[in-house]
Amino acid sequence: MTKPSRIKPPLGHDNGWWWQQAAAGKLVIQRCSACQALRHPPRPMCGECRSMAWDFIESSGRGTVNSYTVLHHPQFPGYDYPLTIILVDLEEGTRLTSQLVDCDREDVSFGMAVEMFIQEDEDGFKIPVFRPAVKELN
Amino acid sequence: MPVSLKNEAAIAGIGQTAYTKHSGVSELALTCEAVSNCIDDAGIDPAEIDGLVTYTLDSSDEVEVARSVGLGDLTMYAKINYGGGAAVGLIQQAAMAVATGAAKNVVVYRGMNGRSGQRMGRGVSGDIISSDLIHWSWYMAYGMLTPVSWVTLIANKYMHEYGATSEDLAVVAMTQRQHALNNPAAAGYGKPMTLDDYMNSRLISEPLRLFDCCQETDGACALLITSTERARELKQKPAVIRAVTQASTQGQEQMTSFYRDDLLSLPEMELAARRVYEMSGLGPDDIDAACLYDAFTPEVIMQLESFGFCGRGEAKDFIKDGNLTLGGRLPNNTHGGLLSEAYIHGVNNIAEGVRLIRGQSCNQPQGVEHVLISSGVGVPTGAMILGSS
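Those sequence lines, one after another, are chains A and B. Sequential numbering from 2 applies to the first sequence in the working numbering. Sequential numbering from 25 applies to the second sequence in the working numbering.
Okay, chain A solo, but in the shape it has when bound:
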């Protein structure tokens, strides 16, 4: 019997491309082609200038924890509990929800520096998650 896997994201015109980039190993941010404003979660139109033209940039994956919660109950198949959910302020200026891994509960804090890596689940699904930033030497 195979281990249950996480719920897969519903993919539509407005968001599927982001997950395709994640599957290719990249954390990306939607960018308005007209006014260059970054936006997340993605939308079909720029709320700043109403342009429908967009591309995306690749994020450095570096950010800080704006807020977090540790989930205990209810527990869904395909996820490991306690499950630490974070709201990350990326250095590019957008914010996204993700998961913090490789971090003990008592080490989770507001404002902590984190870095993204692409986690590959046992079923091959790839998803950007974060771990505590490695302190730079020197």
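Bear in mind the hints are in silico, worked out from the structure with no lab data behind them. Glycine included, C-beta positions come from ideal geometry on N, C-alpha and C. Some hints could be false.
As the list claims (entries may be wrong) - Partner residues aside, some chain A positions facing chain B, computed with beta carbon under 7 Å:
1. Pro-42
2. Ser-68
3. Leu-72
4. Tyr-80
5. Leu-84
6. Leu-88
What the hints assert, rightly or not - Here are some chain A residues the structure puts well away from chain B; computed CB gaps all over 10 Å:
7. Ser-34
8. Cys-36
9. Ile-58
10. Arg-63
11. Val-71
12. Met-113
Use these hints to put chain B onto chain A, whose structure you have.
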């Protein structure tokens, strides 16, 4: 000339079923019972009901309710979106209908097997075919599948910034449980809650515990809205709608408005507050009691700031002084609320607001002139002020 909703309409009837964990009947059956009780409470002929409003989440379609209960011909029916964020939005819809003549006597309702059927707290899964799948793709994939997980990302930030603690959340939970002890309809009836009970309840979404979360309930609740003039001819003392509004603000998502600059306040509830105070000509000092939406305890705390009962970051001190209790500045959810009476998506909180105006609450404070009631928190929401005629 623009129509103001101030004093145009009143809530003239309330009806409910028993609130249980297993009704054993359909949601339509629950709804019919509540609507029927509401009509009897008001003393109006069912054939006079010509408008119905419910939630987009409600499974009992207007025409099925009308046919089952034997209502009259309908000239207005509507469903309001966003879960508990719809609550007073139903009243706004009904009041607009009454004020414009779209309908004369409108029943609003919510009926749900919220415990034995589909439980909100069990989370979402599978495909959601709507425009907000844009957001769900992130929340579902990462395991944020329950309302409490979404609410806590904001609540934890607020608590960290302003130094609010679990003991502060416990004040909200314990105060409302204390109220429920006098309410035979409440889940918390006869079940006192101590601080130890609270602190020993299981962690759900840190720092929130089980007792920070509302009930899950089988039951239904219905309200009759008619013109203030007509309400005066019916059986009960009218609860006059001084002001009512919906409210959604920039950057709004259904329950996950995580992308605004400021995560320490509730912008949509602040809009609701400005609107109802402006429409009614009243202010926080005029409000004698409240039914602030309470799916989760931190929501009550944050709303005290949205509605101007205290300044930003001061709500934890405001509640410590006993201000939410019957003898306090703002008796809140005197029936026990969603936390300790029942979770009928906020319609039961509106019903208590009406009882407070009538003087019929199981915990009736003296001299209640104005009651403030809010819709769901952290969602597109709304607020209402009821007054005695």
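Cross-check of the supplied hints:
no., hint, result
1, Pro-42, "5 Å, holds"
2, Ser-68, "4 Å, holds"
3, Leu-72, "5 Å, holds"
4, Tyr-80, "4 Å, holds"
5, Leu-84, "5 Å, holds"
6, Leu-88, "5 Å, holds"
7, Ser-34, "19 Å, holds"
8, Cys-36, "17 Å, holds"
9, Ile-58, "17 Å, holds"
10, Arg-63, "19 Å, holds"
11, Val-71, "4 Å, violated"
12, Met-113, "12 Å, holds"
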